[in-house]
Amino acid sequence: MADQISNSPARAAESGKGYWAANVRLIIGCLIVWALVSFGFGILLRPLLSGIPVGGADLGFWFAQQGSIIVFLCLIFFYAWRMNKLDRDYGVDEE
Amino acid sequence: MDQYTLNLLVVGATFALYIGIAVWARAGSTSEFYAAGRGVHPVTNGMATAADWMSAASFISMAGLIAFGGYGASSFLMGWTGGYVLLALLLAPYLRKFGKFTVPEFIGDRFYSPTARLVAVICLIVASVTYVIGQMTGVGVAFSRFLEVSNSTGLFIGAGVVFLYAVLGGMKGITYTQVAQYCVLITAYTIPAIFISLQLTGNPIPGLGLFSTHAASGEPLLGRLNEVVQELGFGAYTEQDGTPSSVINMTLFTFSLMIGTAGLPHVIIRFFTVPRVADARWSAGWALVFIALLYLTAPAVGAMARLNLVDTIYPNGTTEQPLAYADRPEWISNWEVTGLLSFEDKNGDGLIQWYNDGDEAFAATAAERGWQGSELTVNRDILVLANPEIAGLPGWVIALVAAGGLAAALSTAAGLLLAISSAVSHDLIKGQLNPNISEKGELLAARIAMAVAIAVATYLGLNPPGFAAQTVALAFGLAAASIFPALMMGIFMKRINNKGAVAGMLAGLIFTLVYIFLHKGWFFIPGTASFPDTIQGSLFGIQSTAIGSVGAILNFAVAYFVSNATEDTPEEIKALVESVRIPRGAGAAAADH
Chain A
1 MADQISNSPA RAAESGKGYW AANVRLIIGC LIVWALVSFG FGILLRPLLS GIPVGGADLG
61 FWFAQQGSII VFLCLIFFYA WRMNKLDRDY GVDEE
Chain B
1 MDQYTLNLLV VGATFALYIG IAVWARAGST SEFYAAGRGV HPVTNGMATA ADWMSAASFI
61 SMAGLIAFGG YGASSFLMGW TGGYVLLALL LAPYLRKFGK FTVPEFIGDR FYSPTARLVA
121 VICLIVASVT YVIGQMTGVG VAFSRFLEVS NSTGLFIGAG VVFLYAVLGG MKGITYTQVA
181 QYCVLITAYT IPAIFISLQL TGNPIPGLGL FSTHAASGEP LLGRLNEVVQ ELGFGAYTEQ
241 DGTPSSVINM TLFTFSLMIG TAGLPHVIIR FFTVPRVADA RWSAGWALVF IALLYLTAPA
301 VGAMARLNLV DTIYPNGTTE QPLAYADRPE WISNWEVTGL LSFEDKNGDG LIQWYNDGDE
361 AFAATAAERG WQGSELTVNR DILVLANPEI AGLPGWVIAL VAAGGLAAAL STAAGLLLAI
421 SSAVSHDLIK GQLNPNISEK GELLAARIAM AVAIAVATYL GLNPPGFAAQ TVALAFGLAA
481 ASIFPALMMG IFMKRINNKG AVAGMLAGLI FTLVYIFLHK GWFFIPGTAS FPDTIQGSLF
541 GIQSTAIGSV GAILNFAVAY FVSNATEDTP EEIKALVESV RIPRGAGAAA ADH
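Top line first, the protein sequences correspond to chains A and B.
If you read the first sequence in UniProt numbering, its first letter stands for residue 1, the second for the next number, and so on.
If you read the second sequence in UniProt numbering, its first letter stands for residue 1, the second for the next number, and so on.
The hints are simulated quantities; they were obtained by calculation from the structure and are not laboratory data.
Ideal Cβ placement from N, Cα and C applies to all residues, glycine included.
It is possible that some hints are incorrect.
To be verified - These stretches of chain B come out as covered by chain A in the derived footprint (C-beta under 8 Å, 3 or more residues):
hint, region
1, 223-236
2, 265-279
3, 282-296
Full structure from sequences and hints, please.
Rendered as structure tokens:
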């Protein structure tokens, strides 16, 4: 018990670092998906997807006008859910 | 009941609702005025953010842009929604944790520099004022068409309504008014879209209808659209010219709109109103849910309106002769009155020829048919407003669309005015000129600042500077190049110090401004541009609308190098950054040191 108390600032710093690193990893993962569906599928990689027809156009067109927005939505809710869980795991959430 | 009375009733009822809400939710303290007392539920806040964000441009202009730009206009869809991912992941929760009222306040405190705060105030005011002019102009246009009053009378009524609920209610009143405005605008937008989607494809969900079968021809809707526009010499709807520079421009323009969205202060300050950090994250998601309802519908509205327009003008198909002017439907004559739609019988045959007379490949066909130039000029902005009339929907839908357009313009104007007034009263007066001002004095200053801002916006709406449309690109470019990078580095890079931040913001700001002025004329004065505003005429093939992205990258680079060449950030600032990164109160963050 005494040991734990004397170590707690160091531990808090340790867990703060872990929390932040986990957060940054999560952000990078989400941003890769974010860039892939919009700049990737919607614009730059569209020629690669042109062989997949979707209702009179192709998959790239669908991503540019519908798909990327739907993925953005899922990303934000996924991030909020994961982060709120991370807050609780590291004990940094607001009561 | 005639259309005019119906418009008057519906618009009048919505205005009464907005003002009633403002009176009910009067702000009594600065916290209520700036941040609605931080007690707003995330779903409510998401709805208010959506109304705040979706301006007359989203409601009225975007579907028109898509209708005539096709695939190339996807930048607006991805850019204006993708910014919310950046907001939710990179800014909103941390700025909420920081717990202050304005964006410049965060920049000033994090970079321990009044200069940085001042630069942020200037960016904020320039971006917000230019944006507000466009909203006020939109209010004038919508009123003059639907209430049959003069443009200036319409503007005065709009200004009066904004004044009542924004000045009285502050952020608290605005939040609840915007919730009501969101409900009005989304209903007004989706009802005609659902009807039109049903008529054309039998699918009640417009976003799905866009990719399904066109009932009249049995072909996919988009395939049919490609066919008919190409038969008239226009480019294919779902394609863009595939040159590398246009692909690069589309990418950079989309990126610029994304970071501009995430950097626009009137959106950021909405995330200060929720009770907890976790709520700020949810709230960004809810905001995008409500925004997506409109943005997923807009591409369908655009494509279907374009197809309807072609079918109206060419009732027997695009290879046959077009409609006679004498047989034109009522909506065409209605819009001719406003001057936003016009017909000029160039070959004197009494028929409405509408085609791409700039297309050389089509010129031979046109000559063969005796056409002497396209005779119909359609302002893109009328598409959404005219859509219910084109589809022959009942009068109450037309009245609802009028109320929706006004709700979109008024809610954004109110949000921008609040951002301006808090920058003036909180950052300039309390922060720089008179730090000892009482809360009551500050509240009074905020209300006076807002009244002055409304007066200026109304004046500029009556006498719009010729460059009003171009300055929207400037507002986004500025926010993208100056505010977004400073906020992001402030949170994610402890090493960025005051000198780096100020140098970075100034570099991004000046580079973007100068590049825009070089292409559009110094201070937009015609004839002073040094380069033509085309892909060919621009440096490295980047157009001035997309340059905010480059400005932002420059801002990051300059801030990084200057910070590393100068002294380290002070310990207390590092502690501040640590505490901003962790949702729990300052106690947990202090344990790090």
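Now the hints, each set against the structure:
no.: 1; hint: 223-236; result: holds (count 4)
no.: 2; hint: 265-279; result: holds (count 3)
no.: 3; hint: 282-296; result: holds (count 8)
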